[in-house]
Amino acid sequence: AQSVAQPEDQVNVAEGNPLTVKCTYSVSGNPYLFWYVQYPNRGLQFLLKYITGDNLVKGSYGFEAEFNKSQTSFHLKKPSALVSDSALYFCAVRDGSNYQLIWGAGTKLIIKP
Amino acid sequence: GAGVSQSPSNKVTEKGKDVELRCDPISGHTALYWYRQSLGQGLEFLIYFQGNSAPDKSGLPSDRFSAERTGGSVSTLTIQRTQQEDSAVYLCASSPKTGTYNEQFFGPGTRLTVL
Numbered sequence: 001a002q003s004v005a006q007p008e009d010q011v012n013v014a015e016g017n018p019l020t021v022k023c024t025y026s027v028s029g030n031p032y033l034f035w036y037v038q039y040p041n042r043g044l045q046f047l048l049k050y051i052t053g054d055n056l057v058k059g060s061y062g063f064e065a066e067f068n069k070s071q072t073s074f075h076l077k078k079p080s081a082l083v084s085d086s087a088l089y090f091c092a093v094r095d096g097s098n099y100q101l102i103w104g105a106g107t108k109l110i111i112k113p
Numbered sequence: 001g002a003g004v005s006q007s008p009s010n011k012v013t014e015k016g017k018d019v020e021l022r023c024d025p026i027s028g029h030t031a032l033y034w035y036r037q038s039l040g041q042g043l044e045f046l047i048y049f050q051g052n053s054a055p056d057k058s059g060l061p062s063d064r065f066s067a068e069r070t071g072g073s074v075s076t077l078t079i080q081r082t083q084q085e086d087s088a089v090y091l092c093a094s095s096p097k098t099g100t101y102n103e104q105f106f107g108p109g110t111r112l113t114v115l
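Heads up: the protein sequence lines correspond to chains A and B, in order.
Each residue of the first sequence is one higher than the one before, counting from 1 in this note's numbering.
Each residue of the second sequence is one higher than the one before, counting from 1 in this note's numbering.
Calculated from the structure, these hints are not laboratory results.
Some hints here could point you the wrong way.
[Unchecked claim] Straight line, CA to CA, 27 Å or less: simulated DSSO-like cross-link-like pairs of lysine-lysine: (1) A:Lys108 to A:Lys49; (2) B:Lys15 to A:Lys108; (3) A:Lys49 to B:Lys97; (4) A:Lys69 to A:Lys108; (5) A:Lys69 to A:Lys49; (6) B:Lys15 to B:Lys57; (7) B:Lys11 to A:Lys58; (8) A:Lys77 to A:Lys108; (9) A:Lys112 to A:Lys69.
[To be verified] Partial pick of chain A residues on the chain B-facing surface, computed with a CB cut under 8 Å: (10) Tyr39; (11) Pro40; (12) Arg42; (13) Phe46; (14) Lys49; (15) Val57; (16) Tyr61; (17) Phe67; (18) Trp103; (19) Gly104; (20) Ala105.
Just so you know, even glycine gets a beta-carbon here, dropped at the ideal spot from N, CA and C.
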């Protein structure tokens, strides 16, 4: 069965430090992986996706994610965190044969000044 | 262009009443999804529309929930005889086409509170 795990409910990072939000997945076919961000009282916004090609994917707001097939991971990263990055982050996956996205439970990212 | 819009933004209703939630997708998007997000939780898939195909209703939690999409555009999610456990944020998303690599574009959601 397809699944997504975001092992950390919350991640705390000091402003200016690098940040990582973890995501691991399980699908039967080739994975298509997505990251979304949800700011307070707002809808979800697409950040980036991995479909094929380079394992390092760059997205909005300076975020990037690295696809690791052997570890079935797709961790979200940013070299230098901003207070404005504080939000709820969701990882999602689908395989090539299914239109449904399977969503992780979300990770609350808190960036402290 | 305009993004996905949803109305109302907030809805407070009494237990047992029916409610209708509206979603207006991005023009030209053929795929439309409804999700439910409970406080602090992830997204729960409810229903999926793609063009004129029969919708995938596999995520609807009970027969009190139904949805329509008229003319391949606007969609309405109806909850009959609302229960307190229906309280959540209902999110609508649209996507350009069925392609599994297309991201979804989300509306701001409707926050439903059942008293």
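Results for each hint:
no.	hint	verdict
1	A:Lys108 to A:Lys49	holds, 19 Å
2	B:Lys15 to A:Lys108	violated, 32 Å
3	A:Lys49 to B:Lys97	holds, 16 Å
4	A:Lys69 to A:Lys108	holds, 25 Å
5	A:Lys69 to A:Lys49	holds, 15 Å
6	B:Lys15 to B:Lys57	holds, 24 Å
7	B:Lys11 to A:Lys58	violated, 38 Å
8	A:Lys77 to A:Lys108	holds, 14 Å
9	A:Lys112 to A:Lys69	violated, 32 Å
10	Tyr39	violated, 11 Å
11	Pro40	violated, 12 Å
12	Arg42	holds, 6 Å
13	Phe46	holds, 4 Å
14	Lys49	holds, 6 Å
15	Val57	violated, 12 Å
16	Tyr61	violated, 15 Å
17	Phe67	violated, 13 Å
18	Trp103	holds, 4 Å
19	Gly104	holds, 6 Å
20	Ala105	holds, 4 Å
Of the numbered hints stated above, those contradicted by the structure are hints 2, 7, 9, 10, 11, 15, 16, 17, listed in ascending order.
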